[in-house]
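Chain by chain, the residues:
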Amino acid sequence: GENVEQHPSTLSVQEGDSAVIKCTYSDSASNYFPWYKQELGKRPQLIIDIRSNVGEKKDQRIAVTLNKTAKHFSLHITETQPEDSAVYFCAPSGGSYIPTFGRGTSLIVHP
Amino acid sequence: DAGVTQSPTHLIKTRGQHVTLRCSPISGHKSVSWYQQVLGQGPQFIFQYYEKEERGRGNFPDRFSARQFPNYSSELNVNALLLGDSALYLCASSLGHVETQYFGPGTRLLVL
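These protein sequences, in sequence, are chains A and B. The numbers in the first sequence follow my numbering, run straight up by one, and end at 445. The numbers in the second sequence follow my numbering, run straight up by one, and end at 133.
Don't take every hint at face value.
Simulated pairs of lysine-lysine, DSBU-like, Cα-Cα distance not exceeding 35 Å [claimed, not checked]:
hint: 1; chain 1: A; residue 1: 405; chain 2: A; residue 2: 356
hint: 2; chain 1: A; residue 1: 392; chain 2: A; residue 2: 402
hint: 3; chain 1: A; residue 1: 402; chain 2: A; residue 2: 391
hint: 4; chain 1: B; residue 1: 51; chain 2: A; residue 2: 402
hint: 5; chain 1: A; residue 1: 391; chain 2: B; residue 2: 34
hint: 6; chain 1: A; residue 1: 376; chain 2: B; residue 2: 51
hint: 7; chain 1: B; residue 1: 73; chain 2: B; residue 2: 34
hint: 8; chain 1: A; residue 1: 371; chain 2: A; residue 2: 402
hint: 9; chain 1: B; residue 1: 34; chain 2: A; residue 2: 376
hint: 10; chain 1: A; residue 1: 371; chain 2: A; residue 2: 405
hint: 11; chain 1: B; residue 1: 73; chain 2: A; residue 2: 391
hint: 12; chain 1: A; residue 1: 371; chain 2: B; residue 2: 73
hint: 13; chain 1: A; residue 1: 356; chain 2: A; residue 2: 392
hint: 14; chain 1: A; residue 1: 376; chain 2: A; residue 2: 402
hint: 15; chain 1: B; residue 1: 34; chain 2: A; residue 2: 356
hint: 16; chain 1: A; residue 1: 371; chain 2: B; residue 2: 51
hint: 17; chain 1: A; residue 1: 356; chain 2: A; residue 2: 391
hint: 18; chain 1: B; residue 1: 73; chain 2: A; residue 2: 376
hint: 19; chain 1: A; residue 1: 405; chain 2: A; residue 2: 392
hint: 20; chain 1: B; residue 1: 73; chain 2: A; residue 2: 405
hint: 21; chain 1: A; residue 1: 376; chain 2: A; residue 2: 356
hint: 22; chain 1: A; residue 1: 371; chain 2: A; residue 2: 392
hint: 23; chain 1: A; residue 1: 405; chain 2: B; residue 2: 51
hint: 24; chain 1: A; residue 1: 405; chain 2: A; residue 2: 376
hint: 25; chain 1: A; residue 1: 391; chain 2: B; residue 2: 51
hint: 26; chain 1: B; residue 1: 73; chain 2: A; residue 2: 402
hint: 27; chain 1: A; residue 1: 371; chain 2: A; residue 2: 391
hint: 28; chain 1: B; residue 1: 51; chain 2: A; residue 2: 392
hint: 29; chain 1: A; residue 1: 402; chain 2: A; residue 2: 356
hint: 30; chain 1: A; residue 1: 376; chain 2: A; residue 2: 391
hint: 31; chain 1: A; residue 1: 371; chain 2: A; residue 2: 356
hint: 32; chain 1: A; residue 1: 405; chain 2: A; residue 2: 391
Chain A regions said to be covered by chain B (calculated; three or more residues, Cβ under 8 Å) [said to hold, decoys possible]:
hint: 33; stretch: 373-380
hint: 34; stretch: 434-442
Residues from chain A that face chain B, not an exhaustive set, calculated with beta carbons under 10 Å [stated by the list, open to error]:
hint: 35; residue: 338
hint: 36; residue: 340
hint: 37; residue: 345
hint: 38; residue: 366
hint: 39; residue: 368
hint: 40; residue: 370
Read the hints as simulated data drawn from the structure, not as lab findings. We put the beta carbon where it would ideally sit given N, CA and C, even for glycine.
In isolation and in its complexed conformation, chain B is listed as follows (with noise of 0.2 Å):
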């Protein structure tokens, strides 16, 4: 049974554009969750989304949003890059809301 994956692994960006992360979680599993973790911290969570509905967020930018697809998928979108947004970004999947979480293996985004 796959893990979770997501896409792409790395990627280089310049300040002021746009990104688009994505993830695909353990199948049966409804959540999916989106962390930012910088080197050397602990992840920082952004959101969770169950069942397609938005059930946390944490304290980032509006410039920061995510979307979960009607096979549990989901996407994460940061518009208007900034240096400091430079990090892993890791996608973790459960089977509900309040449960074991599973990572997969982040998008390491640097911002030029």
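Just chain A, same shape as in the assembly (with noise of 0.2 Å):
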């Protein structure tokens, strides 16, 4: 099955300051690369998503980066602020279609 990591574990950042997050697998055949914000409590929600016939998407302050080649992405979130605190998870898929998602990145901005 598909192996995924993402790092770091935790981000702490001040606000206003950038957050990378970056996720590697390990199935060349995933061609579906999402981002979902989890906050304490609540469910996952989609913040942004690409597909593997495109190399970057932008979002207003997110952006998602996809090197196919070395297998990884990577979320960036700029001008962070507090509401941006949570768990952020990647879930490539594509090749067998089962959703694999990473163990989440605490992400904490401090005001």
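Hey, can you piece these two chains together into the complex? The hints should help.
In structure tokens, the structure reads:
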């Protein structure tokens, strides 16, 4: 099955700084690369996704970049705000379609 | 338009019992997936159903089973409950087989 790793496991930044979370995967057939945000006690919510025919996608302060050759994709958050504090998960899929979630990155944004 | 709904929201069972969890997808979505999320970890894939057929199965024992109905709603059944089955069970719906998933609020199961 797919082996997914996220780094770092915890990320602490000051408000206004940028944050980058990296996700590496093992299945070269993966073609769908989403990032989910889960606030404490709530459901995961998709914040951005990218497909394998695109290298980068941006939505306001959030961007995702994909390197299929190296089998990793990254979440970039600029101008972080306290409400960005949450756990972020990557979940690549597409090969056998069994989405494998990473263990999560806890982002803490200090005011 | 209503999002994904799940019932019940909370459930307490004892070891050895059976449980049925229910999920209604977003209108028009034909795919439903089930996940188990233990505290401090990412969701673990259990099943995916698309057009009422099982399209994917994660690494869970046969005590776990599911089905999808003609209206695309779904049930997850767990038999012979163990303490380790205590978790948040999430349902997610999507338009198709490999598409953006929209999660329901989850059912929090506690096995005593």
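Here is how each hint holds up against the structure:
no., hint, verdict
1, 405(A) with 356(A), "holds (11 Å)"
2, 392(A) with 402(A), "holds (18 Å)"
3, 402(A) with 391(A), "holds (14 Å)"
4, 51(B) with 402(A), "holds (29 Å)"
5, 391(A) with 34(B), "violated (45 Å)"
6, 376(A) with 51(B), "holds (24 Å)"
7, 73(B) with 34(B), "holds (28 Å)"
8, 371(A) with 402(A), "holds (23 Å)"
9, 34(B) with 376(A), "holds (22 Å)"
10, 371(A) with 405(A), "holds (21 Å)"
11, 73(B) with 391(A), "holds (33 Å)"
12, 371(A) with 73(B), "holds (29 Å)"
13, 356(A) with 392(A), "holds (16 Å)"
14, 376(A) with 402(A), "holds (31 Å)"
15, 34(B) with 356(A), "violated (39 Å)"
16, 371(A) with 51(B), "holds (24 Å)"
17, 356(A) with 391(A), "holds (15 Å)"
18, 73(B) with 376(A), "holds (28 Å)"
19, 405(A) with 392(A), "holds (19 Å)"
20, 73(B) with 405(A), "holds (33 Å)"
21, 376(A) with 356(A), "holds (23 Å)"
22, 371(A) with 392(A), "holds (16 Å)"
23, 405(A) with 51(B), "holds (30 Å)"
24, 405(A) with 376(A), "holds (30 Å)"
25, 391(A) with 51(B), "holds (27 Å)"
26, 73(B) with 402(A), "holds (33 Å)"
27, 371(A) with 391(A), "holds (17 Å)"
28, 51(B) with 392(A), "holds (28 Å)"
29, 402(A) with 356(A), "holds (13 Å)"
30, 376(A) with 391(A), "holds (26 Å)"
31, 371(A) with 356(A), "holds (14 Å)"
32, 405(A) with 391(A), "holds (17 Å)"
33, 373-380, "holds (count 5)"
34, 434-442, "holds (count 5)"
35, 338, "holds (8 Å)"
36, 340, "holds (8 Å)"
37, 345, "violated (16 Å)"
38, 366, "holds (5 Å)"
39, 368, "holds (7 Å)"
40, 370, "holds (8 Å)"
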